[in-house]
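Q: Heads up: the protein sequence lines correspond to chains H and D, in order. Letter by letter, the first sequence follows residues 1 to 414 of my numbering. Letter by letter, the second sequence follows residues 1 to 293 of my numbering.
You may find that some hints are simply not true.
Unchecked claim - Just a sample of chain H residues kept apart from chain D, beta carbon distances all over 10 Å, derived:
#	residue
1	ASP106
2	THR260
3	GLY266
4	SER281
What the hints assert, rightly or not - Incomplete in silico selection of chain H near chain D, CB under 10 Å:
#	residue
5	ALA31
6	VAL35
7	MET41
8	ASP46
9	SER221
10	GLU225
11	GLU232
12	ALA235
13	ILE238
14	ARG395
Just so you know, these hints were derived from the structure itself, not from any lab. What you are looking at is a predicted structure, and each value in this text was computed from that prediction instead of being measured. Glycine is no exception: its CB is placed at the ideal position from the N, C-alpha and C atoms.
Chain by chain, the residues run as shown.
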Amino acid sequence: MTAPTNLDRRGSTPAAPSDAAPGGRTGTGSAWLLVTRREIMVKATDRSFLIGTVVTLAIIAGIMVLQVVLAGRTSTYDVAVTPSATTIAQQVRAGAAAIDEDVVVDPLAVPDDAAARAAVLDGSADAWLHRDGDRWVLTTKDGPNDSLKAVVQEVVRSEALRANASAAGTTLEALERGATLGTAFLEGDAQRAELVDALAFAFTFLFYMAALMFGVTLANSVVEEKQSRVVEIIATAIPVRHLLAGKVLGNTVLAVAQMTLFVAVGLVGLAFTDYSSLVTSVSGPVVWFVVFFLAGFVSLACLWAVAGSLASRTEDLQSTTTPLTFLVMAVLFGGLLLEGQWQVIGSFVPPLSAVVMPIRLLQGDASWPEALLALAILLAAAAATVRVGERLYRRSLLQGGGRVTVRQAWRVEE
Amino acid sequence: MLETIDLTRRFGDVTAVDAVSITVPDGLLTGFVGGNGAGKTTTMRMITGVLGIHAGRVLWQGRDITAADRRRFGYMPEERGLYPKQPVLDQLVYLARLAGMDGRAARASALELLERFGLADRAKDRVEKLSLGNQQRVQVTAALMTSPVALVLDEPFSGLDPAAVESMADLLRERARGGVPVLFSSHQLDLVDRLCDRLVIMARGRVVAQGTADDLRGGSPQRFRLVLDGDAGWVRGVGGLHVVDVDGTSALLEVLDPDVVQPLLREALSRGGIREFAAVVPALSELYREVAA
Chain H
1 MTAPTNLDRR
11 GSTPAAPSDA
21 APGGRTGTGS
31 AWLLVTRREI
41 MVKATDRSFL
51 IGTVVTLAII
61 AGIMVLQVVL
71 AGRTSTYDVA
81 VTPSATTIAQ
91 QVRAGAAAID
101 EDVVVDPLAV
111 PDDAAARAAV
121 LDGSADAWLH
131 RDGDRWVLTT
141 KDGPNDSLKA
151 VVQEVVRSEA
161 LRANASAAGT
171 TLEALERGAT
181 LGTAFLEGDA
191 QRAELVDALA
201 FAFTFLFYMA
211 ALMFGVTLAN
221 SVVEEKQSRV
231 VEIIATAIPV
241 RHLLAGKVLG
251 NTVLAVAQMT
261 LFVAVGLVGL
271 AFTDYSSLVT
281 SVSGPVVWFV
291 VFFLAGFVSL
301 ACLWAVAGSL
311 ASRTEDLQST
321 TTPLTFLVMA
331 VLFGGLLLEG
341 QWQVIGSFVP
351 PLSAVVMPIR
361 LLQGDASWPE
371 ALLALAILLA
381 AAAATVRVGE
391 RLYRRSLLQG
401 GGRVTVRQAW
411 RVEE
Chain D
1 MLETIDLTRR
11 FGDVTAVDAV
21 SITVPDGLLT
31 GFVGGNGAGK
41 TTTMRMITGV
51 LGIHAGRVLW
61 QGRDITAADR
71 RRFGYMPEER
81 GLYPKQPVLD
91 QLVYLARLAG
101 MDGRAARASA
111 LELLERFGLA
121 DRAKDRVEKL
131 SLGNQQRVQV
141 TAALMTSPVA
151 LVLDEPFSGL
161 DPAAVESMAD
171 LLRERARGGV
181 PVLFSSHQLD
191 LVDRLCDRLV
201 IMARGRVVAQ
211 GTADDLRGGS
221 PQRFRLVLDG
231 DAGWVRGVGG
241 LHVVDVDGTS
251 ALLEVLDPDV
261 VQPLLREALS
271 RGGIREFAAV
281 VPALSELYRE
291 VAA
């Protein structure tokens, strides 16, 4: 990252703190820090930013709570039975948990069919299980309940098979031999695969959100300074590169802090869900995600600042930021859609690698050396964008009137 | 002393500022006048280092200016600009700290100036809540609060009410008396005439005149108005004079030879009496029209 210690390109000497002028003046050495602090203060006290952060946290926490509630919830069904059906009702009650762990069946003894019908109608029973000729019927008030139906059907079916097998001189077990299908995984398990998919989506989406949200804010604050000419006052006082560095740094600090908060809440929440056993195994990739996020964000942030400086009024931003909006969307779709060979390639191509490599790490497809290589490429790209961005920013920032094209900004005489 | 030597800036094919050499001496108010597009703002932006210089030099105390020198300048850009959503005092302290001032001193200095402009009670308001005139006072405060060694102010008086113009004028005179060179641009020629020790007039990217107001007037012959009791037509016959205009008893004269004045007055007395004989000082606006034409 950029803690600029270099000379101002205007051909001046940097004012070291030692050559402080009288009157308690200090050098420009720490000017970027002042800018960083202002960026953070302004944003951190901005109501819409705070509300956005709290809402996102609430959504993350809400998803976790929903997981816990859904996982822990069992449905209890009261099933009315006449004395003739008591046996099957007891078998359903005993077999329910094995078939669907979320379903509990309580038989409700009623004297006759009329009483059973009445119980279903007045809601004291959820269903009525009774014999009709050579089949069983589950009567409910209106539409059948799928979970209850599945449980009852399974029990009724196996009891009937058992009876028929016995009558044929064999056993249920003998009949079913060789007819079961199990599932197995060579790597991980079904639960982990589900979690990996969810996290990959979350990573990609969080990166997209942060890159877009902070990017637009950054571009806006640059054009605000340019439009109001505050930048001219600042440019007399400090080198423009300090201004850029401070703005990028301030927004990066906030973005990473916000992201870390989201991820931490997400991981803590995860510990309360069924996925708790997997928290440690995904924590490593999550840390990688934050590191890649940092590098990816810095390079994009510089470009957003350039997009801001190319505009001369807020109204121009729409057009100067369009290429970046597309780039960020490319990262979003890359993270969501890339698979196989394309995913491997994408995991090394900046800025796509900022999300694709952490996803591969999460999926267990990529090794540490690969991650380090991708990170090195991403950092090199970030350094290059910082340099190019600084030049464009410096040159276009002080051009008055109308929007500036990248080509003009690159070529213009300073 | 602040000087520019052959300062030049092009925008594409247009040379906005063409070999401009001006002098802004210590302790004097130098007024910078010229029509729209004359190149005043571009020149000021090059002096403050906000815009690159294509040719020529800016000198501070006789040597090439550095960024460290410029940091100690007070600069007020043309369009009023501050962060609209940031409170006045916070913003002033931030800008002063960027210019190298320490936080506490910046606060004290900002409050003192805001007090002077009658804005002390608005220190915590956001800038956007202030009227345009008050925003401008805040902007001036930003330029003055760091005790700058030179002041470069682009249109500091535009948009101010008469009372504010006076307090601003006092402030600038005060800074100039402290030995600071002050360069400010303005469209209000009467104000510049009243306020300035020196003038620089620009037109179409070039300096067309500069010096004290008297210097500039010195270029044209001294004019007098003579009002007589009788008809003034006879002055046309007097040598050593250029008669600009005669209207009944009144004549406007340019004296080419100072020795003719006493004989002229004796003649006038003998012809019946003099009601008025006064030097006519051309207004700055007239001078401006002449040089900028």
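Q: Please write out, lowest number first, the hints stated earlier that are contradicted by the structure.
A: Violated hints: none; all satisfied.
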